[in-house]
Amino acid sequence: MASNTKSAILAQHRANADLNTPLLPQVARDDSDLAADGMCAPLDERIIAAASAALENGQTHYVDVPGIGPLRAAVADYLKSVAGAHYRAGNVVITAGVQESRFLSIQMIGVQYDSIALPAVVHPGVRKALGVRGRNPRTMPVDPAQGYLPSIDAIVQAAADGCRLFYLESPSRLSGAAYAADEVAAISQIIADNDAAVIWDQGLASWVEGAYASAAALDSDCARAAVIGEAYSGMGLASWFVGYIAAPEAWVSSMQSQKQIMAICTSTASQYAALEAGQLYTEARGRQLSRLARLRTDLLGAAGEAGLTVVGGEAVNIIALKLSEDNMKKISRAGIDFAAGSLFGAPDVIRLNVNHSTAAALTALN
Amino acid sequence: MSKKKKAGTSLLYQLIGEARGYDDVIIMGRGDPDFDTPPHIVAAAKDAMIHHHNDYTPPQGLLPLRQAIAERVKRVNNIDVDPESEVVVTNGGQEALFLMVLAVTSPGDEMIVPEPNYNTYADSLAFAGGVKVEVQTYAETDFRADPQDVREAITDKTRSLLLVSPNNPAASVIAPTDMAEMLDIAIEHDLMILADDIYDLFVYDDFQHVSPASLPGGKERALTLNALSKAYSMTGWRLGWIVGPADLMARVTELKAAVSGGASVISQYAGIAALTGPQDAVEMMAEAYRRRRRMVLDALDEMGMKYGMPQGGQFVFADIGFTGLDSAEVAQRILTEQHVLAYPGSAFSKDRKDYLRMTFLQPEDQLMEGLERMKVAMDNIMAEKK
Chain A
2 MASNTKSAIL
12 AQHRANADLN
22 TPLLPQVARD
32 DSDLAADGMC
42 APLDERIIAA
52 ASAALENGQT
62 HYVDVPGIGP
72 LRAAVADYLK
82 SVAGAHYRAG
92 NVVITAGVQE
102 SRFLSIQMIG
112 VQYDSIALPA
122 VVHPGVRKAL
132 GVRGRNPRTM
142 PVDPAQGYLP
152 SIDAIVQAAA
162 DGCRLFYLES
172 PSRLSGAAYA
182 ADEVAAISQI
192 IADNDAAVIW
202 DQGLASWVEG
212 AYASAAALDS
222 DCARAAVIGE
232 AYSGMGLASW
242 FVGYIAAPEA
252 WVSSMQSQKQ
262 IMAICTSTAS
272 QYAALEAGQL
282 YTEARGRQLS
292 RLARLRTDLL
302 GAAGEAGLTV
312 VGGEAVNIIA
322 LKLSEDNMKK
332 ISRAGIDFAA
342 GSLFGAPDVI
352 RLNVNHSTAA
362 ALTALN
Chain B
26 MSKKKKAGTS
36 LLYQLIGEAR
46 GYDDVIIMGR
56 GDPDFDTPPH
66 IVAAAKDAMI
76 HHHNDYTPPQ
86 GLLPLRQAIA
96 ERVKRVNNID
106 VDPESEVVVT
116 NGGQEALFLM
126 VLAVTSPGDE
136 MIVPEPNYNT
146 YADSLAFAGG
156 VKVEVQTYAE
166 TDFRADPQDV
176 REAITDKTRS
186 LLLVSPNNPA
196 ASVIAPTDMA
206 EMLDIAIEHD
216 LMILADDIYD
226 LFVYDDFQHV
236 SPASLPGGKE
246 RALTLNALSK
256 AYSMTGWRLG
266 WIVGPADLMA
276 RVTELKAAVS
286 GGASVISQYA
296 GIAALTGPQD
306 AVEMMAEAYR
316 RRRRMVLDAL
326 DEMGMKYGMP
336 QGGQFVFADI
346 GFTGLDSAEV
356 AQRILTEQHV
366 LAYPGSAFSK
376 DRKDYLRMTF
386 LQPEDQLMEG
396 LERMKVAMDN
406 IMAEKK
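Protein sequence lines, in the order shown, are assigned to chains A and B. Per our numbering: the first sequence = residues 2 to 367. Per our numbering: the second sequence = residues 26 to 411.
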């Protein structure tokens, strides 16, 4: 017998465009997949050994909800080293990947504010997380010339309109563009002046060569900024789903309670693997950055020769292209999987991962 | 002071936190089996670290794991599901629970919940904006959920019925005839069913667990959760699942993607090994729980505590009303004075301040020690009362 109750649930579900936004894969499905958020990378034998040892030593049980203590401390140290953040271990929640970080931060910090301001171009996981409880964000216009980041003026306007919670990506998950230090200082000032708060996705900061500016660095008393991201990108752990949130302790408390409700804790093996990855990260990151930067430079050259418009960005693991309709059809016909800008809010842009297959994708556009 | 004001999950946090401070603490609270994960499952995880660490895993989980789950729910629960479209892998039973509640609940919707029940259902329902409508059960009838009580609790806002069998914390198993009647009620009133089968391998004596989705007309309106945590002693791996009709599971998949994206690929390969490999460890653990359950019941009888007969699960829900104290206070005193952690009934339901939940998830010598210490604490409480 047909169920009207179920039909009503499904009708409501189909109408929820945000929730039904496709999520990008966490790693490539195959060589032609350049759409993934994370990177397929070799896994250091020492990481395997550390995770294996933990399992063999009986670390197969529940652990603390916000994560194992040493990993929380290591993430706090990592954030201090890459972004000058002031967090301590008690400010960190280890999550089951960056999407859980988005969900927990948006839902649990968001509930304290009347509205949340998002860039018009933002990772699809953000709208998806908001769609769970059908919350309508305030959208901040973005500037294509600035890599689709909201301008300082756009943020000022959102604050003037009464918005007190901001969700910002730096680098942009679409273009890799990051705010400069003076812009971050201006954003921090807007946040402070308006007694506001910011959720700052800096997951791609790992892939910025040179200095990186984070809102967390300017939040010296850890009161207004929560930062989120993947734990130790590029260390071969993308499919292990380990992420983090670092935030003021009052927010950590509510996110910890919600984490207990929705997952209890993050996989023990993943946490011990991440702990070891953190030990090896600095050295490995240096090597990867150099390799990816070289690859990306070559790709920028090839794109220029092909007359393609590259969207400027600092993160060396991705390259974003603004494409004509013809080129959009060409790359689709070539069977190359890319991250469609339409999922982010920029329908004429695509994002490609930078790896040994990316050059072939550009060739398809020649 | 502030300690006594805490309730539900917060209260449990407080007790767990204090318990950590005692080197000789005996945990009879948290539902974490003392057995480590069986070695062949750990070996499969290590193999996956070498050969599969970069595998793409969709939000609904690896297909081989979904196939193993489909075979398991057919074999154990007699539920037919298509692994392609009717199974979603989750970060443990807890995420399955959360997603299941979100999937069927809109703000203002009522869910009928036989009480006492696992406190996270209330928390998840609150997150979704739903309303819990309690149907009480009682120790005198071994915490049987009476279908007639369920029928009387239905209003025009009722959208779903929660059926946890074996129940946590009361350890009751819904009898097959009652389960059939529950399903009839759900069909008659067009309710969705949320079925929690997480303790389905731990049913004692002659009691029998039936999954509502296995009954005619059940699958179309039931979401059923389970996990590897309790059966395979894999609480730290965070691996569970939901099965249900394809149309509703499409919604569950989107919710899973929104909430956390996916589950650890290493845990998923371990899960395949658990479900498809040798099952002797499960039987060994089940046998140990049968013995321990008897130990706990004998000790409670000696202490003069009443309880509903635990028909399944890994715990006993015992009446401490004779102390005249709130269960939070009794749990606090047992912990502080004797370093034994048991969970107060008030953490599960505001109406169960007269109960303690005790798990039997400790080695037998420690369990015996814990029960002896608990008896000392209870004797002290009763001596003060006199």
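Quick caveat, the hints were computed from the structure, so don't treat them as lab data. Computed from a predicted model, the values in this text were never measured in an experiment. Among the clues, some could well be false.
To be verified - A few chain B residues that face chain A, going by a derived Cβ cut-off under 7 Å, partial list only: (1) 123; (2) 260; (3) 325; (4) 329; (5) 388; (6) 391; (7) 394; (8) 398.
Claimed, not checked - Pulled from the structure, derived: some chain A residues nowhere near chain B, Cβ distances all over 12 Å: (9) 4; (10) 66; (11) 165; (12) 224; (13) 301; (14) 334.
What the hints assert, rightly or not - When the alpha-carbon atoms are kept at most 25 Å apart in a straight line, the in silico DSS-like pairs for lysine-lysine are as follows: (15) 7(A) / 378(B); (16) 400(B) / 410(B); (17) 375(B) / 410(B); (18) 7(A) / 410(B); (19) 411(B) / 400(B); (20) 378(B) / 157(B); (21) 7(A) / 157(B); (22) 182(B) / 157(B); (23) 411(B) / 157(B).
Don't be surprised by glycine CBs; every beta carbon is placed ideally from N, CA and C.
Now the hints, each set against the structure:
1. The interface hint given for residue 123(B) is met, as the beta carbon of that residue sits about 4 Å from the closest beta carbon of chain A, less than 7 Å.
2. Interface hint status for residue 260(B): upheld, as the beta-carbon distance to the closest one in chain A is roughly 5 Å, under 7 Å.
3. Taking 7 Å as the C-beta contact cut-off toward chain A, the hint placing residue 325(B) at the interface is violated, the least distance being around 26 Å.
4. The restraint placing residue 329(B) at the interface with chain A is violated, with a minimum CB-CB distance near 33 Å, outside the 7 Å limit.
5. With 7 Å as the threshold, the beta carbon of residue 388(B) stays out of range of chain A, its nearest partner Cβ sitting at about 13 Å, so the hint is violated.
6. Taken as an interface hint, residue 391(B) does not check out: its beta carbon lies about 15 Å from the nearest beta carbon of chain A, beyond 7 Å.
7. Checking residue 394(B) against chain A by beta carbon gives a least distance of about 20 Å; that is not within 7 Å, so the hint is violated.
8. Because the beta carbon of residue 398(B) sits about 23 Å from the nearest beta carbon in chain A, more than 7 Å, this interface hint is broken.
9. Residue placement check: residue 4(A) does not keep its beta carbon more than 12 Å from all beta carbons of chain B (closest about 6 Å).
10. Residue 66(A), annotated as away from the interface, has a beta carbon of chain B within 12 Å; the closest lies near 8 Å.
11. Distance check for residue 165(A) against chain B: the nearest CB is about 22 Å away, which clears 12 Å, and the non-interface claim stands.
12. At roughly 23 Å, the least C-beta separation between residue 224(A) and chain B is larger than 12 Å, which holds for a residue marked as non-interface.
13. No Cβ of chain B comes within 12 Å of the Cβ of residue 301(A); the nearest lies about 27 Å off, and the non-interface call holds.
14. At the 12 Å boundary, the C-beta of residue 334(A) stays outside the reach of chain B, the nearest C-beta of that chain being 23 Å off.
15. Between the alpha carbons of residue 7(A) and residue 378(B) the distance comes to roughly 37 Å, so the proposed pair goes past 25 Å and is violated.
16. Distance check on the hinted pair: residue 400(B) and residue 410(B) sit about 15 Å apart at the alpha-carbon level, within 25 Å; holds.
17. A distance of roughly 24 Å separates the Cα atoms of residue 375(B) and residue 410(B); the hinted pair therefore holds under the 25 Å criterion.
18. Proposed proximity of residue 7(A) and residue 410(B) is contradicted: the alpha carbons are some 54 Å apart, above 25 Å.
19. For the suggested pair residue 411(B) and residue 400(B), the alpha carbons sit about 16 Å apart, so the restraint of at most 25 Å is met.
20. Of the supplied pair hints, the one linking residue 378(B) and residue 157(B) holds, its CA atoms being roughly 19 Å apart against a limit of 25 Å.
21. Distance restraint check for residue 7(A) and residue 157(B): the Cα-Cα separation of roughly 19 Å lies within the 25 Å cut-off, and the hinted pair is therefore satisfied.
22. Taking the CA atoms of residue 182(B) and residue 157(B), the gap is near 11 Å; set against the 25 Å cutoff, the hint holds.
23. With a C-alpha separation of about 40 Å, the suggested pair residue 411(B) and residue 157(B) falls outside the 25 Å cut-off, and the hint is violated.
Of the numbered hints stated above, those contradicted by the structure are hints 3, 4, 5, 6, 7, 8, 9, 10, 15, 18, 23, listed in ascending order.
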